[in-house]
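Student: Chain residues, written in single-letter form:
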Amino acid sequence: MTGLATQNENDPDKAVISTSNWRLVYRKLKKNKTALWGGYLILLLILVAIVGPYLTTHDPVRVDFSNRLQSPSAEFWLGTDHNGRDIFTRLIHGMQITLIVGFSSVLVGAVIGVPLGILAGFYGGALDSVIMRFIDVLLAFPGILLAIALVSVLGGSIGSVIVAVAVFSIPTFARVVRGSTLTIKKLEYIDAVRALGATDLRIIVKHVLPNILSPIIVQSTLRIAIAILVASALSFLGLGAQPPSPEWGRMLSDGRNYMFDYPHVALFPGLAIVVAVLAFNLFGDGLRDALDPKTKK
Amino acid sequence: MTASQPLLQVINLKQYFPIKGGFFGATVNHVKAVDDISFDVHEGETVSIVGESGCGKSTTGRSILRLEHPSAGEVRFQGKDMVSLSSSELRQTRKDLQIIFQDPYASINPRQTVADVLMEALEIQSIVPKAQRRERALELLETVGLGAYQIDRYPHEFSGGQRQRIGIARALAVNPKLIICDEAVSALDVSIQAQILNLLKQLQRDFKLTYIFISHDLGVVRHISDRIIVMYLGKIVEIADKKSLFEKPQHPYTQALLSSIPTYDPKAKTERIPLKGDVPSPIDPPEGCRFHTRCPYAQERCRVEEPKLVNLKDLQAGHEAACHYAGDLPERN
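Chains as they are written, first to last, in our numbering: chain A, 4 to 300; chain B, 870 to 1202.
Hint data in this document are derived by calculation from the structure and do not stem from the laboratory. Here the structure is a predicted model, which is why all the values come from computation and not from measurement. The beta-carbon is built from N, C-alpha and C at its ideal position, and this holds for glycine as well. Possibly wrong hints are sitting among the right ones.
With a cut-off of at most 30 Å between alpha-carbon atoms, the simulated DSSO-like pairs for lysine-lysine come out as follows [what the hints assert, rightly or not]:
#1 A/LYS189 - B/LYS964
#2 B/LYS1046 - B/LYS964
#3 A/LYS188 - B/LYS999
#4 A/LYS188 - B/LYS883
Far from chain A, by Cβ distances over 12 Å, these chain B residues were calculated [stated by the list, open to error]:
#5 TYR885
#6 ASP1183
#7 LEU1198
#8 PRO1199
Coverage of chain A stretches by chain B, computed from C-beta distances (three or more under 8 Å per stretch; other residues unrestricted) [to be verified]:
#9 180-193
#10 196-210
Given the sequences, and given the hints that come with them, work out the whole structure.
Tutor: See below:
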């Protein structure tokens, strides 16, 4: 075996071996500047969500009427709201809520939607019909309406927002995954492992799933943007995070009453939502291009 | 001793694919891809199935492996009917029958290295203990003419011919008795074709393999087979020894096929027998002899009565053709 190892190291082609598909994806992503900036922005947002709350000097929830509705200044960078709380501090603290809702709702949606899609695509027939009709029922509701209905049943809290947005993401995942599974299962390597005697479980886990990962990743990234938007909308409507939680949609809703005299109260939370959604959208779009085998060159 | 039992017996195999349509996906009709065919394959021989696209040759291979569940008929492998096996019995039996595919770019999972591919085959059938799997994979690579240093590479780092070798190594991993080569060399360059064909022949000698070789390329078939089955529209039209078939083709379809093989001598005069029209649809095949719509010799009888596969008097045993007028047709070769 040692002889083999040295031969391996001397082989000039060895560098090629470690060039995995992911490196290729990164290289293509690097060429797409907007997507790359989207990616950096996401990293920045995550960083702020983790360390930001420790660095702020104001209290995000303590009411201070002596400083209510202050304009942006050196002390209150983005001004204060109607309860005298520093908007910048609240935005930083709200970042965590936004990202947690975005990521976990999409994760839950994917965990349910992906297996449904695989089962429907892989087995076809009656199972396919049953699963996809169920998905059609979910799709038939306008997403936000479905989410509102769910939250009103579950009660207004971050947890129920996550559940609502997850349910709202299931159909997209199931559809995308079913389509990809249909393509993959017709390929000869699936027949080859089946001819070797592989069980369906092995075929699905080791051969179908790894090959439909790219559409799932792209879809997840784009869905996070939508999830953030829907979660904000729910909170805006008073169904999601409850006061005094510094949730962005909630802040936007509070600022609405002072729009004409103190626009900064609504403006900055609105901008924060735009930036977060934009970051995930740009990155997702770029990732889709980078993962598309047709744009290999 | 009894005459050796065939390794594989295909008996009245039918493979119909339903066409769904109409309300609630009701079955409207069937594509009769393989329609009642029977043949035997003996140990150690190479039987080729030839025919144009859509004649059911690949479907035959897939039905034998039960990649499709046959609509009717039996596939007896070493006397055991494959069609009635339970799924766990089937998984065990599968190590004896393997397949090599046409498209070397679609037949290997792009996310697996060669080591993963081969070791997975060994793992599925528990051929060798875990600790020795990598070693066995290296052996297999050598057997098919690849270098041990290539074992940790991904499929996209190989050429088409090399990938086909990986496909062969995967099939060999489980020590099969029968390998179905489904257009195994059709996607390759002529020079690579020759290499792969020679490799297959050598493996046959070394491991006492039996091949069912599915191809549309008569040149390739001539090189590798012992016996040849000619299929047309889901039926066997002629079955014979290679020599007998090439020298005395009986069925008009076989004759037309043979006349289409290009020769190496540009001056040689070959008489092509052009066939009129297209292959009829396997959804609604012609009555009587399925070939009558394109046959230059077709008579009234061919339109009504379906010819059976029969042996002809002055031909050697085993040469059978399904034509009412076989033997009376003008001699061609």
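Student: Each hint should be assessed against the structure and marked as holding or not.
Tutor: Hints, one by one, checked against the model:
no. : hint                 : verdict
1   : A/LYS189 - B/LYS964  : 22 Å, holds
2   : B/LYS1046 - B/LYS964 : 8 Å, holds
3   : A/LYS188 - B/LYS999  : 28 Å, holds
4   : A/LYS188 - B/LYS883  : 24 Å, holds
5   : TYR885               : 17 Å, holds
6   : ASP1183              : 42 Å, holds
7   : LEU1198              : 39 Å, holds
8   : PRO1199              : 42 Å, holds
9   : 180-193              : holds (count 3)
10  : 196-210              : holds (count 10)
In summary, the structure agrees with every hint in the numbered list given earlier.
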